[in-house]
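Chain order of the listed sequences is V and L. By the numbering used here, the letter at position 27 of the first sequence is numbered 27, and the numbering carries on one by one without gaps. Here the numbering used here runs 1000 ahead of the position in the second sequence, where the first position is 1.
For the record, the hints were derived by calculation from the structure and aren't laboratory data. Values in this document were obtained by computation on a predicted structure and should not be read as measured data. We treat Cβ as the ideally placed atom computed from N, Cα and C, and that holds for glycine. Treat the hints with care, since some could be wrong.
Computed beta-carbon distance windows for the label pairs [said to hold, decoys possible]:
{"#": "1", "chain 1": "V", "residue 1": "86", "chain 2": "L", "residue 2": "1085", "range": "40 to 50 Å"}
{"#": "2", "chain 1": "V", "residue 1": "67", "chain 2": "L", "residue 2": "1115", "range": "27 to 37 Å"}
{"#": "3", "chain 1": "V", "residue 1": "98", "chain 2": "L", "residue 2": "1028", "range": "36 to 46 Å"}
{"#": "4", "chain 1": "L", "residue 1": "1056", "chain 2": "V", "residue 2": "107", "range": "24 to 34 Å"}
{"#": "5", "chain 1": "V", "residue 1": "86", "chain 2": "L", "residue 2": "1069", "range": "38 to 48 Å"}
{"#": "6", "chain 1": "L", "residue 1": "1068", "chain 2": "V", "residue 2": "12", "range": "23 to 33 Å"}
{"#": "7", "chain 1": "V", "residue 1": "44", "chain 2": "L", "residue 2": "1029", "range": "12 to 22 Å"}
{"#": "8", "chain 1": "L", "residue 1": "1040", "chain 2": "V", "residue 2": "60", "range": "26 to 36 Å"}
{"#": "9", "chain 1": "L", "residue 1": "1054", "chain 2": "V", "residue 2": "110", "range": "36 to 46 Å"}
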Amino acid sequence: SAVISQKPSRDICQRGTSLTIQCQVDSQVTMMFWYRQQPGQSLTLIATANQGSEATYESGFVIDKFPISRPNLTFSTLTVSNMSPEDSSIYLCSVEGQGTYEQYFGPGTRLTVT
Amino acid sequence: GDSVTQMEGPVTLSEEAFLTINCTYTATGYPSLFWYVQYPGEGLQLLLKATKADDKGSNKGFEATYRKETTSFHLEKGSVQVSDSAVYFCALSDRSGTSYGKLTFGQGTILTVHP
Chain V
1 SAVISQKPSR
11 DICQRGTSLT
21 IQCQVDSQVT
31 MMFWYRQQPG
41 QSLTLIATAN
51 QGSEATYESG
61 FVIDKFPISR
71 PNLTFSTLTV
81 SNMSPEDSSI
91 YLCSVEGQGT
101 YEQYFGPGTR
111 LTVT
Chain L
1001 GDSVTQMEGP
1011 VTLSEEAFLT
1021 INCTYTATGY
1031 PSLFWYVQYP
1041 GEGLQLLLKA
1051 TKADDKGSNK
1061 GFEATYRKET
1071 TSFHLEKGSV
1081 QVSDSAVYFC
1091 ALSDRSGTSY
1101 GKLTFGQGTI
1111 LTVHP
């Protein structure tokens, strides 16, 4: 399994501002994923981030709102831009173990927008 | 598109009771199936998986069998403990096309076990 850390663990932000969330993995991985878990809800995939290419966004999510960087095989960032209270969620990154089909999740970033 | 449906919750049981959480899925390809658990205040952990029909995943006394004919992956445990209280998510990963590696989650089932 992979060990994944995220920063920050939580934040309270004002509407209209942006927050960048970092995800660090202890091993090199090809695919990294960003999910959102709205309060009391399940997880929804925002985008898939592969190193060396642009992120692939799911329906309902756009690059202008959730820009993603993937500068190397162990690190990625997700920015939540021009935030509104509806963006209050837990944001999680995950990676797939090599050849296992298993995905491992970071501890999440709890974002509250006021 | 792919989808996962879990039984309505929350589920409340007494310690040592038998647990079943139903999960059915719809997928265009031939998915891998997973159960994840989220303990209070903690992150999401992989509980068990199955990658092909009739496979049985097991871990910590929990089991689930990949039933292709009924498109189901029900989670079971013979004797639950208070420490099993958590939210349980059924999920699938479809390896086909543009969905490669994407996890599709069910809505989650809250389990509370009383002493």
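Results of checking the hints against the structure:
Look at residue 86 (chain V) against residue 1085 (chain L): about 30 Å separates their beta carbons, and that is not inside 40 to 50 Å. The beta-carbon spacing between residue 67 (chain V) and residue 1115 (chain L), approximately 48 Å, falls outside the hinted interval of 27 to 37 Å. A C-beta distance of roughly 26 Å is found between residue 98 (chain V) and residue 1028 (chain L), which places it outside the suggested range of 36 to 46 Å. Look at residue 1056 (chain L) against residue 107 (chain V): about 30 Å separates their beta carbons, and that is inside 24 to 34 Å.
Checking the proposed 38 to 48 Å range against residue 86 (chain V) and residue 1069 (chain L) shows it holds: the Cβ atoms sit about 41 Å from each other. Between residue 1068 (chain L) and residue 12 (chain V) the CB atoms are about 46 Å apart, so this pair departs from the stated range of 23 to 33 Å. Residue 44 (chain V) and residue 1029 (chain L) have their C-beta atoms about 20 Å apart, which keeps the hinted 12 to 22 Å range intact. Under the hint 26 to 36 Å, the C-beta atoms of residue 1040 (chain L) and residue 60 (chain V), about 29 Å apart, fit the expected range.
Against the hinted window of 36 to 46 Å, the Cβ-Cβ separation of residue 1054 (chain L) and residue 110 (chain V) comes to about 40 Å, which satisfies the hint.
In summary, the structure is inconsistent with hints 1, 2, 3, 6 from the numbered list given earlier, while agreeing with the others.
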